[in-house]
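Asks: What follows is each chain in one-letter form.
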Amino acid sequence: MTMNSIKSLLSIGLLATMAVIFTACKDDSPAPDPVIATTTTDLAADPGTGIDPNNGQPTGITNKFTLFSFKTGEVVLNADSATTKWDVGFRRTTIIVNGGTSGSGAAGAIVKSGLFDEILEAPADGYAVDDKNSTTSKYAIPTGSGNGWYTYDGGAQVIKPTAGKVLIFKTADNRYAKVEILSYYQGAKTNPVNTDVAGYYTFRYVYQPNDSKSFN
Amino acid sequence: MILIFASVTLRTQFAKPLFCTLLIISQFCVAAQVSTDLDSLRTRQLEEVIVTATRNERTMGSLPMPVFLVPKAQIKTMGSLRLNDVLTEQTGLVVVPQVNGQGSGIQLQGFNPDYTLILIDGEPIIGRYTGSLELSRIAIGNIKQIEIVKGPSSSLYGSDALAGVINIITDRSQPGTNGNFSSRYGTNKTLDLSGDVSVTKDKLGIYLFGNRYSTDGYDLSPENFGKTVSPFTNQTFNSKITYKVGPKTDFSLAGRYFKEYQRFNFEVTSSNEQIKTSGTGEVKDWNINPVFTHRFSTKLKVIARFYTTHYQTETNLSLDNDGSPYYHDDFEQTFTRPELNGEYFINSKNIITLGAGHVGETVKTSRYGDENGRNQWTNYAFFQYEWLPMDKFTLVSGGRFDSNSSYGSQFSPKLSARYEVNKRITLKASTGVGFKSPDFRQLYFNFSNSAAGGYSVLGTEIVQPRLAELEAQGQIQSYLFDPTLIGELQAERSVAVNVGGKIEILPSLTMEVNGFYNSINNLIETQAVAITTAGQSIYTYRNVNRAYTSGLETNVSYPFARNFTLSAGYQLLYAKDKDVVQDVKDGNVYYRDPNTLVTKRLQPNEYYGLYNRSRHTGNIKLFYRHPVTKWEASARIIYRGKYGVGDIRGNIQGETIPPSDRNSNSILDVYDDFVKGYALVNLSVAKSLNCGLRFQVGVDNLFNYTEPIYIPNLPGRLMYGSVSYNFSKNNVKP
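First to last, the protein sequences are chains A and B.
The first sequence begins at 1 in the working numbering and counts up one residue at a time.
The second sequence begins at 1001 in the working numbering and counts up one residue at a time.
Among the hints, a few may not be true.
As the list claims (entries may be wrong) - Among chain A residues calculated to face chain B with C-beta under 7 angstroms, some are:
| no. | residue |
| --- | --- |
| 1 | S113 |
| 2 | K138 |
| 3 | G144 |
| 4 | N147 |
| 5 | T151 |
| 6 | D153 |
| 7 | A156 |
| 8 | K160 |
| 9 | A163 |
| 10 | G164 |
| 11 | L182 |
Unchecked claim - Dumping the calculated DSBU-like pairs for lysine-lysine here, alpha-carbon to alpha-carbon at most 35 angstroms:
| no. | chain 1 | residue 1 | chain 2 | residue 2 |
| --- | --- | --- | --- | --- |
| 12 | A | K189 | B | K1676 |
| 13 | B | K1144 | A | K189 |
| 14 | A | K189 | B | K1600 |
| 15 | B | K1072 | B | K1259 |
| 16 | A | K138 | B | K1578 |
| 17 | B | K1276 | B | K1144 |
| 18 | A | K189 | A | K132 |
Stated by the list, open to error - Away from chain B, derived, C-beta distances all over 12 angstroms, residues of chain A:
| no. | residue |
| --- | --- |
| 19 | T62 |
| 20 | N78 |
| 21 | D80 |
| 22 | S104 |
| 23 | L120 |
| 24 | P142 |
| 25 | K165 |
| 26 | R204 |
| 27 | S212 |
| 28 | S214 |
If you are wondering where the hints come from, they were derived from the structure by calculation, not from laboratory data.
We put the beta carbon where it would ideally sit given N, CA and C, even for glycine.
Only chain A is shown next, with the shape it has when bound in the complex (with noise of 0.2 angstroms):
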């Protein structure tokens, strides 16, 4: 068992429904471990210092991507970026993936409908790298409203991660985790108001750290 990879950042109330499921264990294969689900709260993801009144640009910015590891479940230093430490990488609305040419490890990543709960297995291919020569989508999650895991609404002016969309990833050392994003506002606000402060990620996400493509 490594219950190391199992770990939980942070605990909050109603998102930690933890959803622990035991699969039944064949005897002729090696027990699969259980997977659990795991929920980040507030990953900033370089939202800056605030804005200038003067030009109204985002202050304090850094332009960096903040590193994730789904084995840890804690963020990696920018200067392993080019390890296989990472899986995904965060920087505002912006999504990439150790893959591809962001980085040296075999990540890709699926866009996928449905709901969280019920996604119980990662499909065999169709993972797509980043890539930042094409013309159609330079990363692996497709930026802009209604391509990948967010809507822009332009009447309200927020963030919205879409409902019943999952991001389903192959991660940096050929591993397996199911993501949903949940809030891309600090302190994970219910109804956010475009004054809320943006740019950090809530998301509870599945990770299967065996050769198994499995969720439950």
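Given chain A, work out where chain B should sit, using these hints.
Replies: Same frame as chain A, but now just chain B:
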């Protein structure tokens, strides 16, 4: 003199003896006329005649499709001034703001304003600058009646008549010499001056109408810079000359000139800075419409008509701090149409109508990126066969073929039938096809909106070369949609069924019912196609959606006592995107509870439908009219039920408009926020004197209902007083 009348009315209460003495108008009173009201009462008892449904004069009762008529007398009692005032009170018609939250267009059977054809004397009004037509452009002082045909009428009128047709029939000269002058003054310093003169001598008839309307506008959100509606003034002139060329030949020449001027202030956002600007807006339109009618025999009538019209608008904004020009926008459209049609009575049971024509259209606008006009032409022919085998039964069939230079050809058939079951019950059913050709802006737009955040819209004709150009300049950050998939736009099409009838519940208590279903294909929507390196979106257009609108409309009218008529109208409406319905059914639509952040699957009964459609709308109206004392009064309650709002990029005052969606699925479901339903109460009282004077006071929106964010086109309470003077002499006895 008219001005004096207005100010006097405002300060005077309704005291009958006061008027004549106060205004020293006894000389008018000497020439008192025989009550015109009694005349109009008599005409009303005759069968009303409507031309829009078949392009020929037919009595209302004989028509197999849903038709409605608003007569002049009712418009006068209501105290309406502009077309939107009248239409907003009709069952099944909802006046909705245009894209930017300003102005007003008409929603009919759940269709957006772009899908209803609006005609004056059978000729289209142009100037659908943002898609819908601004109804307040039309003064109604010279209107004889408004005819409304519901259901697609492309079989007679071609493009744009998907939801229906609204035809404004204007006055023509009456026997003798007649005239009417009226003035009205009310809230927001709104002054309306109107006059018409009609002279008929031998074979010649001349009718002239003039109107000047000015208002100070109103401000629903004073905390913002600039008014919700800024002050504007407009003038309308209409003329109609009729000449009896021979015993069998008539000629008429109609013309219109309209001009509006507005000054406004508003704040724009430029590189995240709020900048105060001032601007002017100007609208002009004119048209000329000569018509020859010749009766070759009692059986054959041929009409040759020519129509040419021009619309032009210009907006200029300059910065308040240094007066430098900030934004310019102009738009110019011409529309020319010769048409020939004939009506042939084979016998009293078989009537054939045939017609053919040519439309030439040109648009020139700063929004196309150059000074060149864009042209389009349509050739068309239509036929209609009316079969009346017996009094109880009418069958109307027809179709029209349109061939257009840019979107190909369309055939639009229609079939309608009416059956009188007995004296009390009449049944009607019709089915037909309607279409709307892609408009110029969807084809040719090359427009960046610097006044609203800098987004760009590219029409389908230029989107690919423009994107290639931008790409070569390194201005494209990323594509949101594969531009090679953007093909030629197809016309939007609908197939509709209307089934209903008229039932006499009690003697004089009648109820009209109409159920409708419109199935719409190829709806054109905006499609975000790319993001520039400056982070601005580029949009184009694409045929995407399939939708339906369906519902039931009922009208009950009951003259429950002498001189009183009570009427009630109600419309139930379901308008849904068919693809969304299918997706919901397949279990592929989700919503995230905004409080718990838990995602669930949306159930079919939880999808509410398209934005901006109220499931329930209705009205209750009470009219009083005394033919002898000549008092008239009305009380009208107009209700619009709750509705949802999509993602609108703010209104003209720069306020954000929170959309309905609150659970991250971008569709309207029962868990979303809705704009609350509301009822408006309008009252009016009028009194006519035998000397030709008429006084009226009224209040619209009695309870001062406003909704600054979502319904900026609804002003608060409007009170008004008006006086008019009517004269006629040398009337030839009919």
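Asks: Identify every previously stated hint that the structure contradicts and give their numbers, smallest first.
Replies: 13, 17, 24, 25, 26
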